[in-house]
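Residue numbers (the working numbering), protein chains in the order written: chain A, 1 to 77; chain B, 78 to 285.
No wet-lab data here; the hints were simulated from the structure.
Predicted model, so just to flag it, every value in this text is computed and none were measured.
Every residue, glycine too, gets a C-beta built ideally from N, C-alpha and C.
Take these hints with a grain of salt, some might be off.
What the hints assert, rightly or not - Cut-off 30 Å, straight-line C-alpha distance, at most; resulting in silico cross-link-like pairs (DSSO-like, lysine-lysine):
# : chain 1 : residue 1 : chain 2 : residue 2
1 : B       : Lys252    : A       : Lys22
2 : A       : Lys45     : B       : Lys191
3 : B       : Lys252    : A       : Lys48
4 : B       : Lys262    : B       : Lys191
5 : B       : Lys191    : A       : Lys60
6 : B       : Lys191    : A       : Lys38
7 : B       : Lys262    : A       : Lys48
What the hints assert, rightly or not - Calculated Cβ distances over 12 Å to all of chain B for the following chain A residues:
#  : residue
8  : Glu17
9  : Arg20
10 : Glu21
11 : Phe23
12 : Asp24
13 : Ala25
14 : Ala28
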Amino acid sequence: MTCREFIEFLMQYLLGEVDREKFDAHLAVCSSCVNYLKTYQQTVKVSKAALADLDESLPKPPEELIRAILASRMKPR
Amino acid sequence: MNPDPSLMVSSPEEREEARLLSALRAGEDSAYEELVRLHTGRLLAVARRFVRNPEDAQDVVQEAFISAFRSLDRFEGTAQLSTWLHRIVVNAALMRLRSRRRAPEESIEELLPKFLENGHAAELSREWGVSGEEAVQQAQTRHMVRQCIERLPESYRLVLILRDIEEMDTEEAAKLMGITANAVKIRLHRARQALRGLLDPHFREGGA
Numbered sequence: 001m002t003c004r005e006f007i008e009f010l011m012q013y014l015l016g017e018v019d020r021e022k023f024d025a026h027l028a029v030c031s032s033c034v035n036y037l038k039t040y041q042q043t044v045k046v047s048k049a050a051l052a053d054l055d056e057s058l059p060k061p062p063e064e065l066i067r068a069i070l071a072s073r074m075k076p077r
Numbered sequence: 078m079n080p081d082p083s084l085m086v087s088s089p090e091e092r093e094e095a096r097l098l099s100a101l102r103a104g105e106d107s108a109y110e111e112l113v114r115l116h117t118g119r120l121l122a123v124a125r126r127f128v129r130n131p132e133d134a135q136d137v138v139q140e141a142f143i144s145a146f147r148s149l150d151r152f153e154g155t156a157q158l159s160t161w162l163h164r165i166v167v168n169a170a171l172m173r174l175r176s177r178r179r180a181p182e183e184s185i186e187e188l189l190p191k192f193l194e195n196g197h198a199a200e201l202s203r204e205w206g207v208s209g210e211e212a213v214q215q216a217q218t219r220h221m222v223r224q225c226i227e228r229l230p231e232s233y234r235l236v237l238i239l240r241d242i243e244e245m246d247t248e249e250a251a252k253l254m255g256i257t258a259n260a261v262k263i264r265l266h267r268a269r270q271a272l273r274g275l276l277d278p279h280f281r282e283g284g285a
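Isolated chain B (complex conformation) (with noise of 0.2 Å):
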């Protein structure tokens, strides 16, 4: 006999969710619950990329939920629930940033790699002594690499987290951060050569 094709096809995991969402579509107290107890921790990690406050995480978060309890009707089962509410939480997080930016941003040329009139660059770039890899395996290195991101200007510090740390796509962030894929792409390799900058008097042989 076979047995049930849909029962081949879903994981333990994807069953658990199933039956998860089917009685948080019925309306169970304890349900809602355990969405919340479940996902609650990592989502304030998400929303912790984005806004530098704890409280403000916390807000971001809580709002992210209210807005996911009044759309899951909408929540189409194709994407994982985590991942739903993880993508509502990074709208969340950009709207917040959005309504309080008021003082206008630092420039970000600063930052960036100096040249000489005939292009050439005005310091060599040398190796770094360690692989970036095995330093960020030390909790202080790990500290230092988010202490400079922290310094790059908002609008260049958001595009780096959309595209390389959470992986979106140009078109995708765009989106999200109302600019155009063009602009994503600038303020991308901006950003990171920023970083770069930063962190190159840290990591450099003979650096810290």
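One chain only, chain A, in its complex shape (with noise of 0.2 Å):
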């Protein structure tokens, strides 16, 4: 197996969707898939972590958007 298979096909490894014996015995021989594996991995939780933030750091809503919001309820169809 070469990186680029391995790096093809990672998805489905994490998800246990393909043999892993191959991935394995690559990983056992190449230090930089493991590294791309570890940070791939973290990628998605830096990820999460950074865009669940927004909730906290989001400004009051605008009053003028409450009003708009409960004058369209208002509006005819």
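Each of the two chains sits in its own frame; use the hints to bring them together as a complex.
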């Protein structure tokens, strides 16, 4: 197995959708792909953490928006 | 004497939500105001995950509420109101992006890993100096990560958000995006690879 194949099917490997043996054999001899695997998994965690923060950092919703939303309810369809 | 079984299984939050829902269905103005005040902030945050511009996010939330008000009769009460509204905002955001998509999307190829002719990596991957979890505890790093996500071509960025941030399953994301489940899988993997590549210079040992 080459690095290209390993990386191409990495997601299926993590989901257990492929025969793991070849992948594990590649990992045993390729430290670059070991690092790729780790940083790929970290990427998923980091993106989640970075966007979850949006909820905390958002300012109070503008009063005009709340008024506009409530007014839209009154409009005829 | 046994207490009412419905009271035994429902939490105070559930009872509160049932009260609000019944007031909404009765058309009470104060209930609508309560609903909007309670959820607008969080829904704006959800919309901002998808649309870049704050004004667009406000429009999305307004459109979502209009659509929610119209379909309140069909809300079955099996999900929480917040979950239901969240889903409507995601739909509204995707619809807005779809209606605005004009320019051809840039290619993601440039952001994907490169390989030599023999299939080996053209550049060896290195470990990241600090764990990503530690790093994102800093506001500056979270900001940098968000900027990197923004750099992904839109169709990849959206799949990444639906799957990895919103935690939808593949089928659900496929339905919302109007693409096949297989296309979602391919785009997700490419989006993660591209994002990994964008984050790498910031996180690897000796990096920024």
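Contradicted hints - numbers only:
Per hint list: 1, 5 and 8 violated.
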